[in-house]
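**Student:** Here are the chains, one letter per residue:
Protein chains: 2
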Amino acid sequence: MSPSTFSLSELLAPVHSGLEAMRCILSAELSGEGLVGERTAHVARFRGKELRAAMVLLSGQATGRSTPEHPQVAAVLELIHLATLVHDDVLDGADVRRSLPSVHSVWDEQTAILMGDMLYSRAFHLSTCLDSNLAARVLSKSAQRICAGELEQAARRYDFNMPQADYEEIASAKTAELYAAACELGARYPDAPSQLPAPVAKLMRIFGEELGLAFQIIDDVLDLTGEASVVGKSVGNDVEDGKVTLPVLHVYANVDETTRKAIRDAYQGPCDGGRMALLRVACDLTPGLEFARNRAYGLLTQALQRLQTLPDSDARRSLVQITEYVASRQK
Amino acid sequence: MSPSTFSLSELLAPVHSGLEAMRCILSAELSGEGLVGERTAHVARFRGKELRAAMVLLSGQATGRSTPEHPQVAAVLELIHLATLVHDDVLDGADVRRSLPSVHSVWDEQTAILMGDMLYSRAFHLSTCLDSNLAARVLSKSAQRICAGELEQAARRYDFNMPQADYEEIASAKTAELYAAACELGARYPDAPSQLPAPVAKLMRIFGEELGLAFQIIDDVLDLTGEASVVGKSVGNDVEDGKVTLPVLHVYANVDETTRKAIRDAYQGPCDGGRMALLRVACDLTPGLEFARNRAYGLLTQALQRLQTLPDSDARRSLVQITEYVASRQK
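Top to bottom, those sequences are chains A and B. Using the numbering used here, read the first sequence as starting at 1 and increasing by one per residue. Using the numbering used here, read the second sequence as starting at 1 and increasing by one per residue.
Worth flagging that the hints you see were computed from the coordinates, not collected in a lab. None of these values were measured; they are calculated from a predicted model. A portion of the hints provided could be inaccurate.
The list treats identical chains as one, so a pair stands whether inside a single copy or across any two.
Derived EDC-like pairs (lysine to aspartate or glutamate); straight-line CA-CA distance at most 20 Å [unchecked claim]: (1) K141 with E33; (2) K49 with D191; (3) K49 with D131; (4) K141 with D131; (5) K49 with E169; (6) K49 with E10; (7) K202 with D92.
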């Protein structure tokens with residue numbers, strides 16, 4: 001895999017107009033008056049790279065299945081993503097999101113819970129305005145898997161003996177599912193009864209799942225190694241929160257009981273950022289980080305192979321470059 | 001209006017088999033294995049009178065619009081209702097629901113937030129399995145109105161000068177909306193393109209809105225007057241939470257400044273149940289309670305008049321009796 005030398009906006013050039021259309025729809029959904037309008041306007045500022053929306057559009061173009069409704073499908077996905085962010089910040093007690101105060105920091109937890117519910121409901125309502133109910137069907141299943149993953153993650157805190165498969169299912173549920181759904185919907189929407197279910201839609205779902213899982217694994221690596229100033233958010237959060245991620249699981253499985261105890265103690269250290277420092281003293285994380293990076297690169301290599309079955313196109317080249325971008329990301 | 005002398009299960013006899021079908025669908029949605037299954041099994045124990053589901057079925061029968069899918073529409077409504085209950089308990093910090101510990105008391109707030117999201121997503125998924133997307137469209141709008149009402153309510157705490165119309169919009173949004181949607185869907189589902197939109201569906205929505213608003217006003221009266229042992233939950237919660245309901249608004253508008261100050265001070269009293277006692281000392285609530293009860297009876301009388309335009313049937317008689325039941329309820 002060659003390192004990415006493109007900026008993200010260059011990579012997304014083939015779907016520039018589709019993304020513009022998506023942003024118009026999303027802005028309309030995030031506008032409003034009065035109390036609710038003021039709160040949604042704040043949430044609108046959390047809009048980021050809109051990578052999930054881009055995947056819907058690129059997947060549609062790369063498989064020759066684009067429709068005029070694809071930007072709206074993409075907007076539904078971004079709304080669900082925003083809903084999960086608002087609730088995630090409550091779950092994690094995170095006060096900052098994209099260098100802005102999170103909803104519960106500006107107002108309170110009650111407001112954040114209700115605003116998340118509001119965004120979910122708007123997403124589902126927008127999906128019912130589409131000609132086909134495929135997006136509503138797929139994404140209401142996605143939302144369930146995301147919740148199940150978060151519940152499982154919370155229950156598995158401080159579980160140093162978690163099998164890698166369980167870690168990966170949690171990471172897939174909370175992160176890869178929306179990428180998988182985006183790629184599937186791009187290649188499958190509207191799934192008209194006259195069309196045979198396209199095998200390419202299955203292929204694109206798997207591509208999205210591999211890309212998304214690799215994305216999350218790299219996120220977990222950066223949380224252990226990154227500099228807050230580069231990553232753009234505080235790091236060491238997983239150790240603070242008792243989340244045992246792949247690098248630590250790998251190290252833990254391969255050290256003696258004395259080191260294991262030191263690792264467990266580090267996770268119970270003072271919760272003011274001190275746990276990360278203790279963990280670095282307790283063990284050498286290098287082999288675990290190496291193992292996790294290799295797993296992510298392996299997934300991304302598989303993901304690239306899926307794309308080889310698609311005909312050459314600008315959109316396909318973008319998907320290849322996004323995969324390389326994920327591999328090389330430092331934030 | 002004659003006082004109700006029937007038990008609720010007698011009133012619901014005309015839709016007995018539909019309710020049984022609804023319960024089967026709901027039970028399937030609330031079953032599952034592992035971690036999520038265990039948590040949904042707990043939520044399933046919060047199922048109560050299932051009055052909203054009954055309204056879907058009765059409204060369908062009374063207007064001659066029943067379909068084999070009506071029980072599933074009713075199940076979607078109950079799922080959304082359960083989702084709101086789980087999040088409401090977090091918002092209100094309520095530890096008990098139907099004499100059982102609330103989700104966040106058994107597990108934690110994180111679990112309760114995620115389980116509410118899970119139930120919303122299941123509700124929307126179930127709605128996408130219906131032949132028509134009418135239920136999904138109507139109920140995703142309902143969910144938005146419920147959230148907006150709760151947000152407004154939170155922002156208007158300690159607002160003793162709130163106009164009655166604002167109080168009623170909040171009460172309608174958080175409670176009447178689901179009754180209104182239930183009655184509308186019963187009379188309108190599936191809203192086939194070949195059918196003209198039935199004026200009767202509009203009429204039934206208004207009936208549901210009036211019934212639901214009256215229900216909430218009586219709830220607010222009982223919170224000020226009821227005995228915990230009769231109502232089945234703790235009372236005086238609104239005063240504890242700073243919610244200024246119709247009886248208090250009416251009293252406040254009609255007393256001198258000294259009494260007003262005493263009322264405001266009561267709402268700031270010690271929050272261990274002492275505020276209700278202080279409020280009783282601060283003012284005579286009787287005229288406010290009378291005013292609120294009269295408003296509720298007025299709404300219920302209007303609601304009964306809506307039903308007069310329907311042909312006589314067992315279902316219509318049930319709707320009349322449910323309206324009388326709401327008027328006479330002590331819990």
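**Student:** If a hint holds in the structure, say so; if it doesn't, say that too.
**Tutor:** Hints and how they fare:
1. K141 with E33: between (31 Å within a copy, 16 Å between copies)
2. K49 with D191: neither (27 Å within a copy, 40 Å between copies)
3. K49 with D131: Classified as neither: same-chain Cα gap 27 Å, cross-chain 36 Å, threshold 20 Å.
4. K141 with D131: both (19 Å within a copy, 18 Å between copies)
5. K49 with E169: The answer is neither: 24 Å in one copy and 38 Å across copies each exceed 20 Å.
6. K49 with E10: within (12 Å within a copy, 57 Å between copies)
7. K202 with D92: Neither. Shortest intra-copy (33 Å) and inter-copy (44 Å) distances fail the 20 Å Cα cut-off.
Checked against the numbered hints listed earlier, the structure breaks hints 2, 3, 5 and 7; every other hint is satisfied.
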